[in-house]
Each structure stands twice: as C-alpha cells, then as structure tokens.
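*Asks:* Build the full structure now, drawing on both the sequences and the hints.
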Amino acid sequence: MCETCGCGDPEIVPIEVQERILSDNDAQAAHNRSHFQGLGVLAINLMGSPGAGKTAVLEATSKAAAGRLKLGAVSGDLATERDADRLNAAGIVSSTITTGSACHLDARLVHHALHHFPSSDRDIFFIENVGNLVCPAIYDLGQAANVVTLSVTEGEDKPLKYPVMFQKADLVLLTKVDLIPHLDFDIAAVEDALAHVMPGANMLKVSAKTGEGIDAWLQWLEERRPAAVEQPPEARAHHLPEHSHEHPHEHH
Amino acid sequence: MHEYSIVASLIDRVQHEAIAHGGTRVHRLHVKIGELSGVEVDLLKTAFDTFRERTICAGAELAIDTVTPAWACPSCNRSLAPGAILRCDDCGRPARMVQGDEIILERIEMEAPDV
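From first to last, the protein sequence lines are chains A and B.
Number 251 marks the last residue of the first sequence (numbering that gives the first Met the number 0); no jumps.
Number 114 marks the last residue of the second sequence (numbering that gives the first Met the number 0); no jumps.
Be aware that one or more of the hints could be misleading.
Subject to a maximum C-alpha distance of 30 angstroms in a straight line, what follows is the list of computed DSS-like cross-link-like pairs (lysine-lysine) [as the list claims (entries may be wrong)]:
id: 1; chain 1: A; residue 1: LYS62; chain 2: A; residue 2: LYS160
id: 2; chain 1: B; residue 1: LYS44; chain 2: A; residue 2: LYS167
id: 3; chain 1: B; residue 1: LYS31; chain 2: A; residue 2: LYS204
id: 4; chain 1: B; residue 1: LYS31; chain 2: A; residue 2: LYS167
id: 5; chain 1: A; residue 1: LYS204; chain 2: A; residue 2: LYS62
Simulated from the structure, these hints should not be mistaken for lab results.
Computed from a predicted model, the values in this text were never measured in an experiment.
*Replies:* Next comes the structure, spelled out in structure tokens:
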C-alpha cells in the first residue's frame, strides 16, 4: 500500500533499494582493479581539461623513465587516435578508446581496452581520460590513484570552479610551469584554492618542455608501485589458474 | 553531460526491480544526490524526462533529495565549517567527507498487483 503520499492506493508498493545508481560501473571497476593487481601494475587515471598537457606529461614521463619503467597507456579520445600515436612514438605502448560523443571513460570501456591491449608486462598503466573537468571524476575505472593536470594558462581558480574533480584527486600536476614568467600566475592562489577543495592537497609543478618536476612526479609514482606489485591474495586467486568472467574473451 | 548516462543506469535498475517484484507501472523514484557528486539536479531531471518515455518509468515522477556536503577530521571527528580549508586545525589531518557525494537510488514506488 502507498504510505508515501497518503493516497492509500493498495497496489502501489515501495521497493527499498538504497544503492548507488552507478553500482554496475562500480562492479566493473572492481573487476578492472583486480586485473591491475593481478598483473602487478600501477594504474593511474589521468584527468584534466582539453589542452592541459596530459599527453605531453606522459611523453616527458616516458623520456625520464626510459630503461627503468615499462609504461602503458590507453587514451580516451572523442574522434581521433592522435594521442595514442604520440604516446607510441614516445615509447609508451598505447591504444585508443574512441568515445564518440561520450564525455568520459567508464569502467566497461576500460575493461574492453584492457583485453585488447598489446602488452601485459607494464609497470605503470596510464588511463588518459577524455579532456573534461566534470564527468570523468564520477566514474571509477579501477585505478589506484587519480591524477589531475591543471595548466598555468587555465587560471588559479579552476579548483574552486570544478571542486568535484579536484576533491577526487590524489595528486595535482601543475603543468606548463615554464610559461609562468610570461603570465600573471599566482602559485599561492592556486595552492589556497586546492586547500579548500582537496583533502590533503598535494601539487607538483612540472614542465613537459623543460623537464622540470618530472623526476618528482616519477618519484611519486614509484612510491605507489610497491602497493600495486604486492598483490593481495584475492587478486591472484581471481585470475589464476582459472579466470572467472561472465563473458568470453582472450587475454593478449 | 553524464547525466544522460546516469539516467540510463537508473532506468535499467528500475526495470530490473520491476521484473523482480512484478511491477507494472512506476509512480515515483526517490533518489539522493550530493552537491559534490558531480551530478547537476536540473540536468538529471531533464535527462529523466527525456529518457523515461517508452520505458517502465513513463509518466513517473523523479523525487530528488539533495545532500549538503559535510567534512570532518578522521582522527578527532571534529566537524569542519562550510568553506573551510579541508584539514583539521587541531590534528592537521586531511578532512574526510561525511556526506555530499551521494548518487543513490533510495526507493521505487510501483504498482505491483501481485505483491
């Protein structure tokens, strides 16, 4: 009987659900996470505005990590494969997730890309999200950490305008810092804005052009690798020897 | 505009519950949306009005309960003032969100003659 609006209609029943609307995505993300843990790879969800320098940071990361770390990436792109082409040229094994008009990656898209990915021996796997400071923050992809790029040409108040994105960030990379001498950019102002929206606000200043700060960024990544490499027993059990999926596929 | 994909997930879920409970028509959905969830309530309503047609949710009302964000210290549980720096003044620890990022389907009111 309807007890909500008081109409007393005997055929209207309240069904209690109390679940996240994106619970399907959450379940798929948990599955991706066990993939990453099973492979001992550190997965990073790299987000930021279009043009914030996500691809350029990865190119610089590859240069600095050459011979030390095996890097992989999938790039979310609305229409082209240009980012993956750039990353492959820079030595990062990469593929593209073409999203069409979708403004973000979700866990299902990443899972599909993982199963068609040409390599399974990567140390760090970057999920370069679609350039967007709103939608990508909502979807868990199975990553170990969220990293948000913010370029100095975007303005110091971006974190206050897009609090959800920065609240979810484990690290902010302030990019293109080589341009600061040409701008009226106030680093203290962006630090203050971050402190109001990001718990444990943590920002590194980097330049893909000069290489400034890239070593500190690599060190931040390295510090997170042991947790990814030490596989929890359930991750190993999940993928070895038999592999429990509800769908047929091949691992490459 | 991820609100459309959220509505698609919402209607899928309602469809599933309707089948499980023998529901024939949905009257009202109650959802809880945090102000820091990244979901715009007005866009969600527009998306729902567009997508509900020709689904089990046709004609259904979307009742949205919005949740104001609240932060507290994970050590001493002290509540932070709205708009404050997200770090405990006493302990120095990063604040933890207590509420405000919800995207939750709470309840479905449906006609279920057999229940």
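*Asks:* Give a verdict on every hint.
*Replies:* Consistency of the hints with the structure:
Distance restraint check for A:LYS62 and A:LYS160: the Cα-Cα separation of roughly 33 angstroms exceeds the 30 angstroms cut-off, and the hinted pair is therefore not satisfied. In summary, the hint linking B:LYS44 to A:LYS167 is supported, as the alpha carbons are separated by about 25 angstroms, within the 30 angstroms threshold. Proximity of B:LYS31 to A:LYS204 is assessed by CA-CA distance (about 38 angstroms); at most 30 angstroms being required, the pair is judged violated. Between B:LYS31 and A:LYS167 the CA atoms are separated by roughly 20 angstroms; this keeps the pair inside 30 angstroms, and the hint holds.
Distance restraint check for A:LYS204 and A:LYS62: the Cα-Cα separation of roughly 17 angstroms lies within the 30 angstroms cut-off, and the hinted pair is therefore satisfied.
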